[in-house]
Every structure is written in structure tokens, then in C-alpha cells.
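Protein chains in written order, with full-length UniProt numbering: chain A, 1 to 427; chain B, 1 to 427.
Hints are not guaranteed to be accurate.
Stated by the list, open to error - Residues of chain B placed beyond 12 Å of chain A at every Cβ, according to the derived structure:
1. M130
2. G278
3. A307
4. L419
Stated by the list, open to error - Simulated restraints on C-beta separations:
5. G366(B) <-> P170(A): 20 to 26 Å
6. A76(A) <-> P170(B): 35 to 41 Å
7. S2(B) <-> A100(A): 42 to 48 Å
8. G323(B) <-> A76(A): 50 to 56 Å
9. L92(A) <-> D298(B): 42 to 48 Å
10. D254(A) <-> A171(B): 37 to 43 Å
11. G216(B) <-> A20(A): 31 to 37 Å
12. L92(A) <-> G35(B): 35 to 41 Å
13. D298(B) <-> P170(A): 34 to 40 Å
14. Y188(B) <-> P365(A): 45 to 51 Å
Since the hints were made in silico from the structure, they are not lab data. Just so you know, even glycine gets a beta-carbon here, dropped at the ideal spot from N, CA and C.
2 protein chains.
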Amino acid sequence: MSTRAGIVVTGTEVLTGRVADRNGPWVADRLFELGVELAHITICGDRASDIEAQLRFLAAEGVDLIVTTGGLGPTADDMTVEIVARFCGRELVLDAELEARIAAVLKSLMARYTGVDFDAVRAANRKQAMVPVGAQVLDPVGTAPGVVVPGKPTVLVLPGPPWELQAMWPAAMASDAVQQAIVGRTIYHQDTVRMFGLAESGLAETLREAERVVPGFADLEITTCLRRGELEMVTRYEPRSAGAYRQLMAVVRDRHGALVFSEDGSLVDDLVARLLAGRRIATAESCTAGLLAARLTDIAGSSAYVAGGVVAYANEAKVDLLGVDAALIDAHGAVSQEVAKAMADGALRRFDADTAVAITGIAGPGGGTADKPVGTVWFCVKLAEGTTVIRSLRLPGQRSDIRDRSTTVAMHLLRRTLLGEFGALEA
Amino acid sequence: MSTRAGIVVTGTEVLTGRVADRNGPWVADRLFELGVELAHITICGDRASDIEAQLRFLAAEGVDLIVTTGGLGPTADDMTVEIVARFCGRELVLDAELEARIAAVLKSLMARYTGVDFDAVRAANRKQAMVPVGAQVLDPVGTAPGVVVPGKPTVLVLPGPPWELQAMWPAAMASDAVQQAIVGRTIYHQDTVRMFGLAESGLAETLREAERVVPGFADLEITTCLRRGELEMVTRYEPRSAGAYRQLMAVVRDRHGALVFSEDGSLVDDLVARLLAGRRIATAESCTAGLLAARLTDIAGSSAYVAGGVVAYANEAKVDLLGVDAALIDAHGAVSQEVAKAMADGALRRFDADTAVAITGIAGPGGGTADKPVGTVWFCVKLAEGTTVIRSLRLPGQRSDIRDRSTTVAMHLLRRTLLGEFGALEA
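Chain A with its partners taken away, still in its complex shape:
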């Protein structure tokens, strides 16, 4: 791509890890869709000298566009506009009309809070109406306006709260200054392939073979990564390399066909959602304690097929709410094939569902034994039409990894079951 960009994420709370940055990745996606190559994301605290150093670094790297996020609030540690103005050699001036608009927003906002004197708040927000001379103002979504400062590089200053930044993005992209900055962009293709059950090393070997047999392989920019337990291969290429990509995929399918579950960027969540259309699913969760139900309902419209679920954390809950036979738990333990199956049966029955998923395992750090170490998880997917699929795995990582990974395993087991990949007599 001939147009490059950099993102400067400001905020001591982000730098120190107290708040996870959601803006860098989101802006990165938007830039890619535009055909703008993102070269760097830099994160620094609320320190003028560090923010300026990052702006200088990105300018020295020759980027055409710098997007900054955060530091537009009313507190003293919010200084991004001031620093960007200085970096761009422009004065700050008060935009009276903008100040009035911010005040209006605040009046309604203050209703939500207690213990705040409105005039004080308005004074605190006056600095948010100071804009660099010649910059284009982007209307505030919350109380903080954004600004676009034209130049080489052009600097786009956006607020920190993700929903404010995202709502402001279209106006920012529509601005003349941004349009001029990205005029040289070229659209690349990006194709994403997702695999489950394959080691990254196995794919690496396949790619080395492809390098030998696929003409034009060198023109494909391939990145692979493990993502929530799945293996993801993303390939970027110019339109002229479409043929090379097709041949690469032929090699990948030939080697790993059965493990490739998505070639169009769809997540397993999307695929499962489609397969659940017209069905009625219920969950029965122990160690994941609601994460699977929450994941299924992340998708808007999931109420059409999600009936609900039971978080049966205590054994009594498995018995009382899912009808698991207490004797089964005594005989085999709560983390067992038998209990997983009984939990799925109970979910089907109690929710009058036609599809059920049960998860019971040991997330740790405590509770592990020699024969059932931390990470041992049993899964059961059951369909009213008669299929029952049961699996167990020993998952690596910490408590949160094991819980999250369990939901991924369950989604894949659910997908394959709904696709009819298992016989009715699996269990």
C-alpha cells in the first residue's frame, strides 16, 4: 500500500494496563478496510514529552496519517489537543459555538450523576472547546469534540471512549483533510482462513511446501496466529495475486481440509448462529459458569434460538435444576462423562430445547487431582433428534484461559454436531 498510518494511543491508564485499549485494534480494522497500511501503534501515558516523542517518531517514519485516541477529557491529564497543536505548529483558540454545544450536552448528562455543581462541570469542560487554528472540528458524541489537523502527516484527534470514537469515525473519514491524507491508498485483498485442531507448526510446514509449489507465493503476505484456541491464517495480496492465493488454498485444503472450518472470515460463532436458525438451544455450564451462554448471546438476534441455560456451579444445582442423579455425581464425580451427559439431558428437558451443550471441568487453580488435573474438561452436545457427542480435553493455561478455551471447544463440537459429522451412536 502506498499510504501508511500510525496510531498514538494516549492514557496512563492504558499504558499501565489498568484499562485494555479497544481503540487501536478497531481503528486498525477501519484503516485496513480503507486500504491504508497501518505501520505502528504506539501507547504512552499522559505525559507531554512522551506523546510528542511518538508523534515525531511516526512523522519520521513517513506516515501520511496519525490517529490519536484519548486525552480529550476535562481533567488536567487530558492534553492531546494542546500537544498536537504544538506539534503541528498551530495556535489553540476557543470555539465559542462549540463550547455552547458542549454545555448543552453536559446539562442533560449531569442528570445521571449526583454531587456535581453544573457550572463547575461546565468550567471543567471549557478547555474541550479549544481547537487548533485551521483544524476541522468533529462534533462531540459524548462531551469531547474531535479535530482533524491537515498537513504531512495529517493528525486526526479522537476521544478515548470506544463508543464515542466509533460514532465519530464516519465524520472524520469524510473530512477533506483525511481524504487528502489517504488519497494514495490502494485496496488489497485480505482473506482469512480459520482452523481448529491443528498445531501452528503443522501449518508452518504446509506453508513451506506451498512456497516450493505455488508460483507467486512470495507476493502473498501471510500471517498466522493462535486465537482463542483456533489457528488463523490471514493473507493479504494485490488483486493480481488472486491466482497464487487460490493455489495456496488448494495446498492447505489438501493437507488440512477437515480442520479448516472457515475460509470467508466467519467466526465459529457466526457459523454456529447460522446452524442454530430454527432451532432452540440451552446450555448447562459448571466451570464456564455462563461464559458459553454469554458467548452464544453476544450475537444480536440470538434470542430467536437461545432459550437459556443453567449455571450449575454447585453439585446441588446440578441435581435440583438439571435433574442430574446425585448418585452419578457420587459415583463418577462432577467432572465426568456421565455427569456431562446428564447435564445436557437436563438442559434439553428443562428448557424444552432441541439442542443442548454441557460443560463440566476443573478451571483451577485448586481442585485438581492426579487423574483429573486442572484443565480437565468434559463436553456433551445433545440433539433432540438423537445425537449425543461427548468429549474430554485437558486444556492448558490459567483459570481464565481454561474457561475461555472451553467455550471455543464447545462451539466447535456444537458446530460439527449440527453439521451431522457424528453418528447418532457417538456415546
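Let chain A serve as the given structure and place chain B on it in line with the hints.
Chain B only, in chain A's frame:
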């Protein structure tokens, strides 16, 4: 602080936002605990020139220690060690003994996967045994070893998978090279205060007052941020400024006492966990669909007081599993004070619990109406001893924000109820 550090996060999957970086924030926390000031986190893709540019930038900024994460895998896009070696002007050599150790790890690992030829995998991993001359090797946790390259700056190269990086950290910190790099560090105090129900602007005004009345205020490095719906104030200061901090807190308590819920860094999750000791809690969730139960059980040992919960996404589930009167839903709608209360009643009863939390709301994007717009959420906390607390809010943001924010509101309502802040006749 007299010792500064920078973090270089590598990985196109991170730069492009396909994978959220968990390492930067984690390493940032560890560095702070050590008294090392983190100046910059930079993120770039798997491109040699960009990685090198970031290393040069951090070196030019005069940091004493650079920590890199990622790019230690077997695939061609994993090139961090090679680039760091070049940056530090050191040759790469094969560590045969290390190669043997990696092979051993792989043999056991391969058991988990299908469709992989072990020798191919081992070949793919040979490059992971190439280390810079004079560098200290950090034993692999997964298959990738880390390295510490002494110098100014010293470069610590760590793997990308968070659990591998975290397990390797102690050995890295114990290495002579790292110890020498951070010898000049000075310990700062850091105190965190958390508030709920206060606007950032209100706190900003309070801080301006403190600036006038607190001697030595200028020596306090204060950052404030909104975090999952809470307002967080973090203050860093040298030991000699402890008095100034005490006076600052007197001002904050005087202005916002009732809204300050934590002064020792505890999260509301921790406070609720302590208050639940000896109790038995159950949840009844509609729009959050398990997120609250999952949040309560994020904490190891929560099985001592979490019985479980019902995700009652469909109305029939509210009736069948929680015993909500269908007529109540018809009369007031599923998102109503009456249904929230009935859900909490059902959770108490069905789980034989003494504490119950119910959440029912409209997460959107669809389902909103004029009188119940998207973001409308009803909460009910009920204690067996007789207290019932009911609240409703209209939460801002998108579906995921509304769902997450709802769990935060529920945690605070639960905390205040368990503290007895509400009368028995609240509802």
C-alpha cells in the same frame, strides 16, 4: 523514576486487531511493581523494518530495558530473535542442547494434534533454538525459549502466548542482564481509589480545588479514568509525598465520600467476594445471559459461595426455571420491575440461596421501544433475611457495553445491599 523501559509488541495479528494484546498491560504492571517506569508500548506487525524502527526509537528515547513480546514461533513471520540479534550486533548460533529440549516438549505436545509429521514439526522448530551470542536463554514454557541480550538498552525477548510469557517472567527478572539494566530503579507508591456514580468532570473539579488547598499537590502524579463504568483515580508519588496524598484523600472523601468504594485498589469484585463469604448466591440473568455468573466465578474459590444461576433468555425460561408468573410478563413486559423481582425470588428459591441478583434489560440493537429504549435495564438484589433492592437504569453504548456495564451495576448494588445500606422495605 530513574530507570525507564519500553515494550515492543510484535505480531500482525495484534497490530491489525485480530488478537487483543494481553502482554503489554501485564508486563506494564510487573515493571511498575519493580519501580521501573514504562515510557512507551509500541505495536508493529511481523515486518523486520518496522520492528527495527521501534527498537531504534526506544533506544533513542534512552530506555534502559526493552521488552519484546511475540514472534518466537516456528513460522516464517516469527523473526524477533533474528532482528534483536542484528539490532544488538550479535551473531545467531544454534544451541544444540536447547534444540533437544524443544524436541522433547514437542513430542508430548504433538499427541494433542492430528495430521502432523513429527520430524517436519521438529524441523520447523529448529530456528527456535537459534540464540544471539552472549545472550542468556530462558527455558521454554511452551516450545519457544526467551532470551536476554545484555547492553544499553538490555533487550528481553519473550514469547507471545500470555501464559508462556507470564511463566517465563520470574526467570527473566532473575537474570543478571535484567538486574543490571534496572539497577537504578526507585520504588514509588501507587494508590488507587475507585468511585461509582460520579462524573469524571466532578472529580476534575475536586482535583482543581485540591490543587489550591493541598501543599505539595504538584508532586502527586494523578491519573483518572472511566473503567467499566467506574471512575478510577490512580496517584503515584515518592515516599516523601505521602502526607500530600493523605490531604488529597481528605478532600476527595469530603466531596465524594459516599461514592468512594475502594481506596486500597480492591475491585468491586474483590469486595463482593469478601462480603459473600459464608453466604450462598444465585443469579437470574436475561440480557446479560451469564456474564454476571461468569464474573462472580472469575475469582478462584468462588465455588464456596456461588450456587449457580439461570440464564432465562426466553420468557418461557423465566416461567419454567425461575417460576416467574407468565401473567406478570404479559402485564408488565419481561423488562420490568415486577419481573426483575420475580426472577430474584425464583433464583433464591430454586438454588436454596440466601442472596440473589436478577438482571433483565434490552441490550439492543433491536427490541427498544419509546418507553423502554435500548439500554433500559432492571436490577433486583434480594436477601433471604428480607431485603429487596430494585433499580433501573438506561445504560449508554452498544450491545456489548450495555451487557458489561450491567454486570458492574449489579456488582455495586449487590455490594451495597450486603453492607446493609438499604432498608428492608426498599421495594
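| Do the beta carbons of D298(B) and P170(A) sit within 34 to 40 Å of each other? | holds, 36 Å
| message | Just to be sure I understand the hint, the distance between the Cβ atoms of G323(B) and A76(A) should be within 50 to 56 Å; is that true here? | response | holds, 53 Å
| task | State, for the Cβ atoms of A76(A) and P170(B), whether the hinted interval 35 to 41 Å holds or is violated. | result | 37 Å Cβ-Cβ, so the 35 to 41 Å window holds.
| Is 42 to 48 Å a correct range for the gap between the Cβ atoms of S2(B) and A100(A)? | holds, 47 Å
| said: Does the beta carbon distance between G216(B) and A20(A) stay inside 31 to 37 Å, or does it fall outside? | reply: This hint holds: roughly 33 Å between Cβ atoms.
| When you take the CB atoms of Y188(B) and P365(A), is the distance between them in 45 to 51 Å? | violated, 30 Å
| request: Could you let me know if the closest chain A CB is still more than 12 Å away from the CB of G278(B)? | output: holds, 15 Å
| field | Outcome for the supplied range 20 to 26 Å, where the beta carbon pair is G366(B) and P170(A) | value | holds, 21 Å
| field | Distance restraint evaluation - D254(A), A171(B), Cβ atoms, bounds 37 to 43 Å | value | 41 Å Cβ-Cβ, so the 37 to 43 Å window holds.
| query | Any Cβ of chain A at or closer than 12 Å to L419(B), or is the non-interface label fine? | reply | holds, 18 Å
| task | Confirm or reject the claim that L92(A) and D298(B) have a C-beta distance inside 42 to 48 Å. | result | Hint holds: Cβ distance 44 Å, inside 42 to 48 Å.
| message | Please check whether L92(A) and G35(B) have a Cβ separation lying inside 35 to 41 Å. | response | holds, 36 Å
In this structure, the hints that do not hold are numbers 3, 14, in rising order.
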